[in-house]
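**Student:** Please work from the sequences and hints to get the whole structure.
Residue numbering for the sequence shown is 1 to 658, as defined by our numbering.
The set of hints was computed from the structure by calculation and includes no laboratory data.
Pair by pair, the computed Cβ-Cβ distance ranges are:
hint	residue 1	residue 2	range
1	D419	H553	41 to 49 Å
2	R42	E398	37 to 45 Å
3	P403	L23	53 to 61 Å
4	N402	D299	37 to 45 Å
5	R181	S381	24 to 32 Å
6	S487	E168	51 to 59 Å
7	H321	K351	18 to 26 Å
8	M358	L305	32 to 40 Å
9	E398	S320	20 to 28 Å
In the BS3-like style, the derived pairs of lysine-lysine whose C-alpha atoms are separated by at most 30 Å in a straight line are:
hint	residue 1	residue 2
10	K371	K165
11	K165	K126
12	K311	K578
13	K161	K371
14	K161	K33
15	K145	K129
16	K468	K385
17	K546	K578
18	K311	K569
19	K311	K325
This one's a predicted model, so the numbers in the text were calculated from it and none came from an experiment.
All C-beta atoms, glycine included, are put in the ideal place defined by N, C-alpha and C.
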Amino acid sequence: VVYEQDGVFIHSSCGKNDDQDSLIAGILRVIEKENEVVVDWRPLDETLDASNILCAGKDSSSVVEWTQTPKEKCSRGADRPSSYEAEWDMVTTVSFKKKPHSNGDATTHANGESKWSFLFSLTDLKSIKQNKKGMGWSYLVFCLKDDVKLPALHFHRGDSKLLIKCLEKHVALDESPDHERVLLVKTQKSLSQSFENLLDEPSYGLLQKLKRDPYTVTMGRFSKVTNYIFDSFRLSDPSNQRRPPSEMADLIHDTIPGLKINQQEEPGFEVITRIDLGKQPEVSRREPVSVEEWAKNMDSEGRILDVDYIKRSIFKGGLSHTLRKEAWKFLLGYFPWNSSKEERANLQKRKTDEYFRMKLQWKSVSEEQEKRNSRLRDYRSLIEKDVNRTDRTNKFYEGEDNPGLILLHDILMTYCMYDFDLGYVQGMSDLLSPVLYVMENEVDAFWCFVSYMDQMHQNFEEQMQGMKTQLIQLSTLLRLLDSGFCSYLESQDSGYLYFCFRWLLIRFKREFSFQDILRLWEVMWTELPCQNFHLLLCCAILESEKQQIMDKHYDFNDILKHINELSMKIDVEYILCKAEAISMQMMNCKELPQAVSEILGIESSSVTPDSDTGEDESGAELSCPTSLYQSVSTPVIAANGTQDSPQQMSETQSLTPA
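**Tutor:** Written out as structure tokens, the structure reads:
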């Protein structure tokens, strides 16, 4: 507890007479927790009878965690005086279930109980309104995101200045240019703000706890998400049953603007359900590329002779670990593929100077300067917290005062100087950790991370448009692959695929073991066999689990729990084979819908949004996939001059356009 003040009252102004205030005395606290700072107000009398003070003219539905539903706010009665301010409105946390209201009658709530306590995270705070100077008791009004206003808190003992000073240690407050009495909270582009855009919640405080600590919830076990969802929808009476999953899904549907995943409503998508992709071909993988194989493909100046061959080989087998330190620099775009050894050495010198100039920028900031730079202070605080919980079981990062942790911290701080608009967002440490582990060099790791973030940038932007787009694209691909499974997920209110959110956000980092992630990422970085291969990996995982989910009739909660429990149990080689087979299925399809073709980056003149006949008189060839697979398979057939095994033949033949 970093702040505590008693004698803080709510003036309900909700008695039968307009000039009569109902005073509720309480204690206000500011509490520092591990991952957040919360403001907590509790009444002295928890047995207060709500029916004595609730009145007509207020929002007549009960709400969760002080969040009102804008669409359901009742207009105030005509008899209400014009001076009556919105900040005096009363909202309770009694029950989730909405109560029917009759015009003009007083509203009571379930069991007549009321808990006047409220609690909110500072990440949810939008502004603070203060009273006019010299006008009676000092009071403050907290306005949360979505313009939800809490009741005014009146300080009968002392004033509110100490509270403001306390809050300024955790958030930056600026006087509003429009209203001198209003203090605005400076926003930073962090994952908590991002969740507000993806999981915007104008009604009932949906997933409030998810928003409070998105890192722990999103990166942690999905069982937490499940519990948080159900906690938000439970009634205050423990004997009441949970809200049905169908109602929860309806609310999620309403509160994720722009996430239109039900493609059946989109024109042309009926065609997808009628397309037969045929049987998935058998796919095998090769041994990882060795140092010797890599060296043989370089000329005397250190230039790679056959870039396509190297990329195909990495896609089919990955890299031996000793080769990763060099090869990842090419895969991530730090080193140009056509560069010589001397050119790469000169590039490293320039990039080393550039890195340390940026590092010096934040290293030279004094404590006094940092006190006046809230964004840098916030970035540093987030980084320090995340570094201390990133891959601590890995020997490279375990123990206290580990040099790996210091490098992780310094690289992330320097990235804030490189891209100050984005700065640091929770989850980025997960992307850096494997890169630093492989590079074992601060400068090389930084520039490889910069290249990786260029690919992942949209995932962490404030509007999270990249995440919305990927979820919609994933739904499109999954519907083509198995429309029946999509329909089942929709019937269980899981059609939004939000349980795949963590997979996409940090590219499966929490789903596979550390060593498997090294293999998975280097395969994805080849950008073969098509665009958005990571979405086909999602499809492969979901298709692998489809039978169990459908046979056991998993519902909304069961699906979340099951997907969560897959973490660290997925066979990376099997999933890579399956995803490759799915890509072959789709790229061999002559009547591939245009939307799918665009997602995968496949060019074929025969593809139309409404193609229904499957005729391809143009003989159009799929430009990307055939060159990949024929180049890998054909030399094997030519070398022995005989027909390959059925498995090898099926792989080669299945990729030849009809």
